[in-house]
Structures are given as C-alpha cells and as structure tokens.
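**Student:** Take a look at the letters that make up each chain.
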Amino acid sequence: MKRLTLLLSLAIVLPAYADRLPLPADTPASYAAECGSCHLAYPPALLAAGDWRRIMAGLAEHFGTDAAVDAQKRQEITAFLERHAGSSAKLGNSGEPPRISQTARFVRKHREVPARLWRDPRIKSPANCEACHRGAADGNYSEHDIAIRELKR
Amino acid sequence: MRTIPACALLLASLACHAATPQQIGQTYAAEAAAQQPGFTPSAKRGEALFRQRFAHNDKMPACTSCHTDSPLNAGQHAVTGKAIRPLAVAANTERFADPAKAEKWFGRNCKEVVGRACTPAEKADFVAFMSEVR
Chain A
0 MKRLTLLLSL
10 AIVLPAYADR
20 LPLPADTPAS
30 YAAECGSCHL
40 AYPPALLAAG
50 DWRRIMAGLA
60 EHFGTDAAVD
70 AQKRQEITAF
80 LERHAGSSAK
90 LGNSGEPPRI
100 SQTARFVRKH
110 REVPARLWRD
120 PRIKSPANCE
130 ACHRGAADGN
140 YSEHDIAIRE
150 LKR
Chain B
0 MRTIPACALL
10 LASLACHAAT
20 PQQIGQTYAA
30 EAAAQQPGFT
40 PSAKRGEALF
50 RQRFAHNDKM
60 PACTSCHTDS
70 PLNAGQHAVT
80 GKAIRPLAVA
90 ANTERFADPA
100 KAEKWFGRNC
110 KEVVGRACTP
120 AEKADFVAFM
130 SEVR
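Heads up: the protein sequence lines correspond to chains A and B, in order. Counting along the first sequence from 1, when you hit position 86 you're at 85 in numbering that gives the first Met the number 0, and nothing is skipped either side. Counting along the second sequence from 1, when you hit position 26 you're at 25 in numbering that gives the first Met the number 0, and nothing is skipped either side.
What the hints contain is simulated information worked out from the structure, not anything from laboratory work. This one's a predicted model, so the numbers in the text were calculated from it and none came from an experiment. Take the hints with a grain of salt, since some may be wrong.
[Claimed, not checked] If the Cβ cut is set under 8 Å, some of the chain B residues that face chain A in the computed set are:
| # | residue |
| --- | --- |
| 1 | T79 |
| 2 | E111 |
| 3 | R115 |
[What the hints assert, rightly or not] Derived lysine-lysine pairs resembling BS3-like cross-links, with alpha carbons at most 25 Å apart:
| # | chain 1 | residue 1 | chain 2 | residue 2 |
| --- | --- | --- | --- | --- |
| 4 | B | K110 | B | K58 |
| 5 | A | K72 | B | K100 |
| 6 | A | K72 | B | K103 |
| 7 | A | K72 | B | K110 |
| 8 | A | K123 | B | K110 |
| 9 | A | K123 | B | K43 |
All C-beta atoms in this analysis are idealised placements derived from N, C-alpha and C, irrespective of residue type, glycine included.
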C-alpha cells in the first residue's frame, strides 16, 4: 500500500515537476543582469553544456547583437550554465548557432502551436517565453497557464 | 539568519555604486565640456536623439523601436518581445541610478541602433531628457 501511495503521488507530482523550471538557487546576479534584459533569463537546463559553451564563446555576435560581457562574468556565467545544463541526449540537436527553440524537446513540447501564432504580434518570437507562459520568469511553464486564448486548454 | 540580509546589503553596496540621474548626467556633461568648452546638457536635444531614426538597423531604427514614443511607457524588445520597463526616471526610479549600468546600455544600444558609440554630449543630453520628461 505504501508503495502504491508513493507511485501514485509520483505520478501526480512528476508531470507537474516537468513544467517547473525555476532558476537554480546558485544563479549568479550577473546571469539575470547580462542574460535576462533582452530576453528571459532562460533556465540552463534547456540547452546542453556544449551548446551553452558555444553561445558564451560567441557573445560578440549573439543573434545579431553584441552581447559581450567582461571575462570574469563570462567565466562565472559559463560555469553556472555548465553546472545546470540539460542532457544533450534528451534535448536533441540544437542547430548552429544553438537555439533552445530548435531542440527536439522544445519542438515536441510545442507541436500543437500553429506556425502563424509564432508570428503573432503578441508573441513575436519563440524567444518570448512570457508571451504565453506568463509565469515563465518564476519557472512556471505549465500548459494549463497559457496567456494566449487560442492556446488555452 | 540575521547575517543574510546584512551580507546581501553589503554585497549590493559593493556591486553597484548608487548614484542619482543628476550625478550621472553631470559626469557625462563634464566629459563633454572637456571636449567642447561651454557645453550644457539639453533635454530638448536628448529628446531629438531619442526620436531620431538611424539607417543602421532596420529592426530597430530608433530608440523608440523598443522604448515606444514615450519614455514614460513600458516598452517591448523589437526582436524578442521581452517587456522593458520605462526609461524615464519619473516612471521608473531605478533608471540612471547606477553609472556602470547606464554606461553598459549606452554602449550596447548606441552601437546597435546608432551604429557607433554615442558621444559624452549625446549621453548628457539623453540623461537630461530622461530625468526631466513628465
């Protein structure tokens, strides 16, 4: 009985847990300041360590923007991202340059989102997590808390 | 437990050197005056710079591309859609309160939108406009 209760509670908790991606407790202040101004400070688990290293090595040409940081911050942020990076086997190929929105995991999780909605002015870009996941800044990516009416379930 | 807020305070005071928009504006104005004697900051010129369209970046040709026509409004990043809090001090008291932060964003945004570094005079004018606009 005890085991059944445990299994049942795991079954309830785990799917919810998968949508919870809060920033780790040891997130350096530089991460929010340097990486969370132009876009959400993305949860490090959304890319693999090698992808983050490639991103951090190319900040001077970061998706068309010079997002370079000083050497000390680069080191601190890279180490943090490596510590909490996701598994490349689970995430899948992220392309070149690496994009969270190209990983197999992201694509699978968003397969119900029609192409036209990605271009909707309320959303603008797959980089804009908060347009739909209004609790994204707090790590809440639940599909039951979506701000866009057409995607509500 | 008490040591935690104390440490946080200490860290915060070490990490960012608080200043007022007036102080930040004065620093830029002094730099500008060293280059052009008699320089005084102008909020009006600052506003003109804020509204000027540059031919450098078609996704964000002007400050207004992300910060909207009024710096009192919240803006939105033209590419990523990320919300941006108002630039005007009257609407957001955290603006121009940290010289390093102001300098960092002038550095990034002038390069990206104007296509070159902004001059100390332009920065002084811009800070004057953002401090005065109501």
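**Student:** Each of the hints needs a verdict: does it hold here or not?
**Tutor:** Outcome of the hint check:
1. Among the interface hints, the one on B:T79 holds; its C-beta lies about 4 Å from the nearest C-beta in chain A, closer than the 8 Å criterion.
2. Interface hint status for B:E111: upheld, as the beta-carbon distance to the closest one in chain A is roughly 6 Å, under 8 Å.
3. The beta carbon of B:R115 comes no nearer than 13 Å to any beta carbon in chain A, farther than 8 Å, and the hint placing it at the interface is violated.
4. Pair hint B:K110 plus B:K58 holds up; C-alpha atoms about 14 Å apart against a cutoff of 25 Å.
5. Our distance criterion of 25 Å between C-alpha atoms is met by A:K72 and B:K100, whose separation comes to about 14 Å.
6. Distance hint between A:K72 and B:K103 is fulfilled; the C-alpha atoms sit about 14 Å from each other, no more than 25 Å.
7. Only pairs whose Cα atoms come within 25 Å are accepted, and A:K72 paired with B:K110 is accepted, the gap being roughly 21 Å.
8. For the proposed pair A:K123 and B:K110, the alpha carbon gap of about 23 Å is at most 25 Å, so the pair holds.
9. With a CA separation close to 33 Å, the supplied pair A:K123 and B:K43 exceeds the 25 Å bound.
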